[in-house]
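Enquirer: Sequence:
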Amino acid sequence: MDKLREECALFGVSLKRKGAAGVVYNGLLALQHRGQEGAGISTLSGHTIYTHKGTGLVSEVFDERAIAKLNDSPIAVGHTRYSMSAVKNSADNIQPFFAEYLTGRLAAAHNGCLTGAEEVRKSMEAKGLDFKTGGDSEIIASLVALKTTFTHDIVEGVTQAVKELAGAFSLVILSSDNLLIAVRDRSGYRPLCLGRNESGVCVASESCGAESCGFTFARDVQPGEVVVIRDGEIISSFIYDKRGDGGLCVFEYVYFARPDSVIDGLSVYEARVNFGKILAKEQPAKADVVCGVPDSGIEAAIGYAQGSGIPLAPGFIKNRYIGRSFIYPDQSAREFAVRMKLNPLKANLDGKRVVLVDDSIVRGTTCARIIKVLRDAGAKEVHMRISSPPFIKTCHYGTDIGDPRNLIAYNLDVEGIRQKIGADTLGYISREGLLKACVKCKAGGLCTACF
1 MDKLREECAL
11 FGVSLKRKGA
21 AGVVYNGLLA
31 LQHRGQEGAG
41 ISTLSGHTIY
51 THKGTGLVSE
61 VFDERAIAKL
71 NDSPIAVGHT
81 RYSMSAVKNS
91 ADNIQPFFAE
101 YLTGRLAAAH
111 NGCLTGAEEV
121 RKSMEAKGLD
131 FKTGGDSEII
141 ASLVALKTTF
151 THDIVEGVTQ
161 AVKELAGAFS
171 LVILSSDNLL
181 IAVRDRSGYR
191 PLCLGRNESG
201 VCVASESCGA
211 ESCGFTFARD
221 VQPGEVVVIR
231 DGEIISSFIY
241 DKRGDGGLCV
251 FEYVYFARPD
261 SVIDGLSVYE
271 ARVNFGKILA
281 KEQPAKADVV
291 CGVPDSGIEA
301 AIGYAQGSGI
311 PLAPGFIKNR
321 YIGRSFIYPD
331 QSAREFAVRM
341 KLNPLKANLD
351 GKRVVLVDDS
361 IVRGTTCARI
371 IKVLRDAGAK
381 EVHMRISSPP
391 FIKTCHYGTD
401 IGDPRNLIAY
411 NLDVEGIRQK
421 IGADTLGYIS
431 REGLLKACVK
441 CKAGGLCTAC
451 F
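Residue numbers (my numbering): 1 to 451.
Here are the simulated EDC-like cross-link-like pairs (lysine to aspartate or glutamate), alpha carbons at most 20 Å apart as the crow flies:
id, residue 1, residue 2
1, LYS242, GLU225
2, LYS18, ASP72
3, LYS380, ASP288
4, LYS132, GLU118
5, LYS393, ASP403
6, LYS442, ASP241
So the derived label-pair ranges between C-beta atoms look like this:
id, residue 1, residue 2, range
7, ARG17, GLY416, 58 to 66 Å
8, ASN319, ARG431, 32 to 40 Å
9, SER123, ASP63, 35 to 43 Å
10, GLU156, LEU435, 34 to 42 Å
11, ASP130, ALA449, 32 to 40 Å
12, GLU282, MET124, 47 to 55 Å
13, ILE317, THR55, 28 to 36 Å
14, GLN32, MET340, 19 to 27 Å
15, VAL414, ASP63, 46 to 54 Å
16, ALA66, LYS281, 50 to 58 Å
17, SER237, GLY214, 21 to 29 Å
Simulated from the structure, these hints should not be mistaken for laboratory data. The beta-carbon is built from N, C-alpha and C at its ideal position, and this holds for glycine as well.
From just these sequences and the hints, can you work out the full model?
Expert: In structure tokens form, the structure reads like this:
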């Protein structure tokens, strides 16, 4: 489907008992929406770090035997991966990454995208380090190990390393001296939170991951914060650098995060419903029914219906069991893939004027096919409403759009897009409306540079 894709998901846990790998496995399942191309878990036994990882979904990478081998440990970190187009999806690039320093070892998992990564890599290669992958995560693990070798203290090594990094990074690091360390970059581009229960502390990309494993959401890791955990307790936390420009990527609220998560004090579900309410005021339509594109447009459609007074009705039934096994009959029949994933519910569409709500239009190809499916199902009119502003610029912090010419809004104005996708009308929420909907966010700022 024609959607933005983010980087990865992180989950780490420090327990007062063994069984950490099983907890991390469940956490990664809850965060699978953030990356489906690879997964890995690292645990600590004595002073040895054991890792199992591979390409595919979490349930494909791990079976009971793999978890059993890792589960004899109270501490673990895990990762699910979405590979950016510049870094191929191979076993070598799957996290967590392992690194050694003079007095120990570490495993690091990372979500985000560094700026100036190539300069850091070259500087470290000049010191004799050798890299096996093209990704940022290996750079981070190696830099932390290098700094720790000189400081003889893993926390100080992490602190010195992250001060040299720029861009977006949330980190979870396991060290051979039984520490779990969580770090969020100084601008807080990517989410990271803490959970607690009677058995220990977890670190997760989203609160839904912590809660799915029986942890109570405690708080977000703050921008520029390092949190140190040992034996199921937070032993220290501190701000390593003053807050930078930018802020949390607003697409966490628009699309990336699960609606049952709370990020930086704002419910993702509440934000999306607010988008729809404001969109209804800014971009009204005369229609009989409001439909959301599953799954990302559903909450905004609820808000649009509430704000407009137009009845809400499901327009599609989503097939949740296709996975990656679907075979296209031929390359010219892509709309068949849309029908396989989203089949129209004709009883709610036939003869109706439909407001169709979605979170974004990136390239516009899938959007055009969905509108055609609605018309084939008997929709009399289709009024497209988008709960984010036109996406016109590439992102340097992890959203995988390499060339702005791939973006339909870079090439066409709103009327041109409307004609291209075949809608009767097209309306986007304003940037001001988007920020108004997120007024409860405590991040101290939201990154909206792509608009």
